[in-house]
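S.K.: Numbering (this note's numbering), first residue to last: 1 to 142.
Misleading hints may appear alongside valid ones.
[Said to hold, decoys possible] Derived lysine to aspartate or glutamate pairs resembling DMTMM-like cross-links, with alpha carbons at most 20 Å apart: (1) 104 x 87; (2) 104 x 90; (3) 52 x 13; (4) 52 x 29; (5) 94 x 107; (6) 104 x 122; (7) 45 x 67; (8) 104 x 13.
[As the list claims (entries may be wrong)] Restraint ranges, calculated between C-beta atoms of paired labels, are given here: (9) 45 x 22: 16 to 26 Å; (10) 45 x 19: 27 to 37 Å; (11) 115 x 60: 11 to 21 Å; (12) 98 x 121: 29 to 39 Å.
Rather than coming from a laboratory, the hints here were simulated on the basis of the structure.
Cβ coordinates follow ideal geometry from the N, Cα and C atoms, glycine included.
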Amino acid sequence: MFKTNSKPTQLREGQVDTMIGPQVVIRGDLHFSGGLYIEGRVIGKLVALDGKPASLTLAENGVIEGEVRAPVVIINGQLDGDVYASERVELAAKARVQGNVHYKVVEMTAGSMLTGRLIHADSPAAALPAPEALITADARMD
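Given only the sequences and the hints, what does the whole structure look like? Please build it.
M.R.: Printed below as a string of structure tokens:
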């Protein structure tokens, strides 16, 4: 008698719900769900909605200037900003990332470039002392 919500909780591989074409420039933050494919330029944050399946694909000629937060992030263009992927990050052959990449699973293809750090989501990196603190501590022991 009553229907349950039959919307899928996962995206199909390569699913595109929204495309930002090559001639489009968007200035401002975007909040999205589903598959977002960017061939144009976005200047601002891209944030996937909590609890919804979402993936972001940045095409070879696409550009993002800002932070990205999504479960799945696939990059083959230029991204200037930090990436937070709760599930998976793929850096394709033409990827150019300037920023830190926070990931659970990462795949890097030969030719991709990352100027920043790869930070595993479950790593205790925040608990480690800064390198300067180690040098200072060693110097005091003398």
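S.K.: All the hints need checking, so say for each whether the structure fits it.
M.R.: Taking the hints in turn, this is what the structure says about them:
1. With a C-alpha separation of about 5 Å, the suggested pairing of residue 104 with residue 87 holds against the 20 Å cut-off.
2. This hinted pair checks out: residue 104 and residue 90 have alpha carbons roughly 11 Å apart, not beyond 20 Å.
3. Distance hint between residue 52 and residue 13 is fulfilled; the C-alpha atoms sit about 15 Å from each other, no more than 20 Å.
4. Simply put, residue 52 and residue 29 have alpha-carbon atoms about 18 Å apart, close enough for the 20 Å limit, and the pair holds.
5. Of the pairs offered as hints, the one joining residue 94 and residue 107 holds, with about 13 Å between alpha carbons and a cut-off of 20 Å not exceeded.
6. The suggested pairing of residue 104 with residue 122 holds, with an alpha-carbon distance near 7 Å, which does not exceed 20 Å.
7. Of the supplied pair hints, the one linking residue 45 and residue 67 holds, its CA atoms being roughly 5 Å apart against a limit of 20 Å.
8. Of the pairs offered as hints, the one joining residue 104 and residue 13 holds, with about 18 Å between alpha carbons and a cut-off of 20 Å not exceeded.
9. The hint said 16 to 26 Å for the Cβ distance between residue 45 and residue 22, and at roughly 21 Å that hint holds.
10. For residue 45 paired with residue 19, a C-beta distance near 19 Å fails the hint of 27 to 37 Å.
11. A C-beta distance of roughly 18 Å is found between residue 115 and residue 60, which places it inside the suggested range of 11 to 21 Å.
12. Taking 29 to 39 Å as the suggested C-beta distance range, the pair residue 98 and residue 121 does not conform, at roughly 20 Å.
Violated hints, in rising order: 10 and 12; the structure is consistent with all others.
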